[in-house]
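Quick note, the sequence shown lines up with residues 22 to 143 if you use our numbering.
Derived from the structure by calculation, the hints contain no laboratory data. Bear in mind the structure is a predicted one, so any value in this text is a computation, not a measurement. Ideal placement from N, C-alpha and C gives every residue a C-beta, glycine not left out. Errors might be hidden in some of the hints.
Derived SDA-like pairs (lysine to any residue); straight-line CA-CA distance at most 25 Å [unchecked claim]: (1) Lys33 - Arg96; (2) Lys33 - Ser54; (3) Lys60 - Glu86; (4) Lys60 - Leu126; (5) Lys33 - Gly79; (6) Lys73 - Arg53; (7) Lys78 - Arg96; (8) Lys78 - Gln116; (9) Lys60 - Glu123; (10) Lys73 - Glu123; (11) Lys33 - Ser70; (12) Lys33 - Val112; (13) Lys73 - Glu119; (14) Lys33 - Pro52; (15) Lys60 - Gln109; (16) Lys60 - Glu119; (17) Lys33 - Leu71; (18) Lys78 - Gln64; (19) Lys33 - Arg57.
Cβ-Cβ distance ranges computed for the label pairs, FRET-style [stated by the list, open to error]: (20) Ser54 - Gln34: 34 to 44 Å; (21) Arg57 - Lys33: 16 to 26 Å; (22) Ser54 - Glu125: 10 to 20 Å; (23) Trp97 - Leu50: 32 to 42 Å.
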Amino acid sequence: CAARRRLQRPVKQLVSHGWALLPSSAALLAPRSGRRGAKVALQLPAGTSLDKLRFRKGDAVVLSEANAEGDRPCRWVGEGTVQQLSEQRLVLQLQLGEPPSEAELARGSWRGGGGAHPRPPP
22 CAARRRLQRP VKQLVSHGWA LLPSSAALLA PRSGRRGAKV ALQLPAGTSL
72 DKLRFRKGDA VVLSEANAEG DRPCRWVGEG TVQQLSEQRL VLQLQLGEPP
122 SEAELARGSW RGGGGAHPRP PP
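Assemble the whole structure, with the sequences as input and the hints as a guide.
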């Protein structure tokens, strides 16, 4: 299947083809509240072209922690939907997963990506 083959590619290749983003920073906008998931904002790198991205507002995405080189995901964090997408930032409403803390977001390297992604085993 095409989605599984895409997942085998290095993250840098996914970014170059618009399937993933490596944001310059991340912040927790709203913590989990009842049935509503947390909102996370990812600051997009300068020069990000929205026309090149393969996901739009309302699309399902995955948030994962990336390794320092950004070439592969290290830790699945959650799944959610794109709430806002602009030249400056991507806002995700997470429905599944435990959102990272503000401290983790500040020091981590994050990846937001569209398309089908495997969930980690329970």
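Going through the hints against the structure:
Restraint check: the Cα-Cα separation between lysine 33 and arginine 96 comes to about 17 Å, which is no more than 25 Å; the hinted pair holds. Distance restraint check for lysine 33 and serine 54: the Cα-Cα separation of roughly 34 Å exceeds the 25 Å cut-off, and the hinted pair is therefore not satisfied. Taken as a hint, the lysine 60 and glutamate 86 pair is honoured in the structure, with Cα atoms around 16 Å apart against an allowance of 25 Å. For the suggested pair lysine 60 and leucine 126, the alpha carbons sit about 12 Å apart, so the restraint of at most 25 Å is met.
A C-alpha spacing of about 24 Å is found between lysine 33 and glycine 79, which places the hinted pair at or below 25 Å, so the restraint holds. Note on lysine 73 and arginine 53: the hinted pairing is violated, with a Cα-Cα distance of about 31 Å set against a maximum of 25 Å. For the hint pairing lysine 78 with arginine 96, the CA-to-CA distance comes to about 24 Å; that is within 25 Å, so the pair holds. For the given pair, lysine 78 sits about 15 Å from glutamine 116 by alpha-carbon distance, which is consistent with the 25 Å threshold.
Taken as a hint, the lysine 60 and glutamate 123 pair is honoured in the structure, with Cα atoms around 12 Å apart against an allowance of 25 Å. Restraint check for lysine 73 and glutamate 123: not satisfied, since their Cα atoms lie roughly 29 Å apart, outside the 25 Å limit. For the given pair, lysine 33 sits about 15 Å from serine 70 by alpha-carbon distance, which is consistent with the 25 Å threshold. A hinted pair counts as satisfied when its Cα atoms are at most 25 Å apart, and lysine 33 with valine 112 qualifies at roughly 21 Å.
Taking the CA atoms of lysine 73 and glutamate 119, the gap is near 29 Å; set against the 25 Å cutoff, the hint is violated. As the CA atoms of lysine 33 and proline 52 are separated by approximately 30 Å, the hinted pair breaks the 25 Å bound. Our distance criterion of 25 Å between C-alpha atoms is met by lysine 60 and glutamine 109, whose separation comes to about 16 Å. Distance check on the hinted pair: lysine 60 and glutamate 119 sit about 11 Å apart at the alpha-carbon level, within 25 Å; holds.
Proposed proximity of lysine 33 and leucine 71 is supported: the alpha carbons are some 17 Å apart, at most 25 Å. Note on lysine 78 and glutamine 64: the hinted pairing holds, with a Cα-Cα distance of about 16 Å set against a maximum of 25 Å. Pair hint lysine 33 plus arginine 57 does not hold up; C-alpha atoms about 32 Å apart against a cutoff of 25 Å. In this structure the supplied range 34 to 44 Å holds for serine 54 paired with glutamine 34, their Cβ-Cβ distance being about 37 Å.
For arginine 57 and lysine 33, the hinted distance range of 16 to 26 Å is not satisfied, since their beta carbons lie about 33 Å from each other. Checking the proposed 10 to 20 Å range against serine 54 and glutamate 125 shows it holds: the Cβ atoms sit about 19 Å from each other. A beta carbon spacing of about 20 Å between tryptophan 97 and leucine 50 contradicts the range 32 to 42 Å that was offered as a hint.
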